[in-house]
Amino acid sequence: MSLVSEGADFRGPMTAGPGLVEPMLAEPSLASVGDYVALMKPRVMSLVVFTALVGLAVAPGSLHPMIGFTALLCIAVGAGAAGALNMWYDADIDAIMTRTARRPVPMGRVQPGEALAFGLTLAGFAIVVLGLLVNVLAAALLAFTIFFYAVIYTIWLKRSTPQNIVIGGAAGAFPPMIGWAAATGSLSLEPVLLFMIIFFWTPPHFWALALTRTEDYARAGIPMLPVVSGDGATRRQILWHTLILVPLGIAPWALGFAGLFYGLTAAVTGAIMLALAWQVFRERRPVERASKHLFAFSILYLFLLFAVLLIERGWGGLIARLAA
Amino acid sequence: MTIGIAMNEQPKDEGVVLTEAQKRARRSRSIAIALSLAALVILFYVMTLVKGPMVLVRPL
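Protein chains in written order, with the working numbering: chain A, 669 to 992; chain B, 129 to 188.
These are computed hints drawn from the structure, not numbers from a lab. Please read these numbers as outputs of a predicted model, since none were measured by experiment. Ideal Cβ placement from N, Cα and C applies to all residues, glycine included. Each hint should be verified, as a subset may be incorrect.
As the list claims (entries may be wrong) - Partial chain A-side listing against chain B, Cβ under 10 Å, derived:
no.	residue
1	S697
2	S700
3	D703
4	M734
5	I735
6	F793
7	V797
8	G799
9	L800
10	L801
Said to hold, decoys possible - 25 Å max Cα-Cα, derived SDA-like pairs, lysine to any residue:
no.	chain 1	residue 1	chain 2	residue 2
11	A	K709	B	R154
12	B	K179	A	L741
13	B	K179	A	T852
14	A	K960	A	D762
15	A	K960	A	L942
16	B	K179	A	P728
17	A	K826	A	T766
18	A	K826	A	G792
19	A	K960	A	E883
20	B	K151	A	G702
21	A	K826	A	T768
22	B	K151	A	L784
23	B	K179	A	G799
Stated by the list, open to error - Just the calculated beta-carbon pair ranges, DEER-fashion:
no.	chain 1	residue 1	chain 2	residue 2	range
24	B	D141	A	G792	35 to 41 Å
25	A	P728	B	I161	35 to 41 Å
26	B	R155	A	I967	35 to 41 Å
27	B	L168	A	A808	19 to 25 Å
28	A	V936	B	T176	43 to 49 Å
29	B	S158	A	T766	32 to 38 Å
30	A	G776	B	G180	46 to 52 Å
31	B	G143	A	G776	20 to 26 Å
32	B	A160	A	S730	32 to 38 Å
33	A	V712	B	S156	21 to 27 Å
Could you put together the complete structure from these sequences and hints?
Right under this line is the structure:
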């Protein structure tokens, strides 16, 4: 199977990217504040803030709540900056895909240059403020995360390899490490483990979605795994990645970082993830029910793991820090 | 003299004239920027109070 299915308009990023759009005299902007909020991908931002909060809360030592708040604010703004840069560069393919066609740049409500300036400004502020008010390690990690998402994933990997979301998933996995670094000024095995959980969670999550939108991705010329390697290979990869993910999910308990309640939650939800991944493996198009179920449950799975960790490890610690 | 009158009769260039919707959008954006800057000032002020002299210490 060719990299891009027949009929797909796969232009290289340098010709399709907004940077080389024909110069034209722009109308005075009609963009509302809501359009700029949409550029920051608020739903992605909320997940980033949540996982960063867990990293921050489970970290050892004491932290002033105001410093914790500042760290989360900077991480949220940094995630928003990465989202805006992604929407700037991907405006051409966003316009083709049904799921993204109503975003502010393809709709023409925000000019590509405005999205770029907005993203760069937010990124600059988030990194500098985090470095000045919290610590330099957390700021460096945030800068690397924004760079990884905007440049490595969006500009390079997304349009060039079916492994795009496997490698690019690292960008979404960094927030707990940034949270931990903000609290302690250092890194250890625990935040790396949290990173690994999100890193191996990302492929089954996005490939389950991609299975239900293969035509959309093919039309936009994005070489997602189902477009390039086909349905069967994607289902096999989902199962393999879930088989790695489930033990990783249990690992915080097995290594003594988390308690029994976390271990039980990780085991039960991990078993459900595996069962759903097995159903996806057995299912064949045009039926997509199992893929939709796996996509929906994967969100709950990650949320539950981190929420239980927050309650078990972080909440007590957070209250103790507030009292200190 | 004739030339002078002709020059005076040229239509005045008013530049880009914003519609009411564009003016409203610009105003809402301006308010959002002002609020963000105010929040940043408050954040630095409060953090300086919280950290005290340590606000200048940033170990690598």
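Hints numbered earlier in the text: which of these fail when held up against the supplied structure?
No hint contradicted; all consistent.
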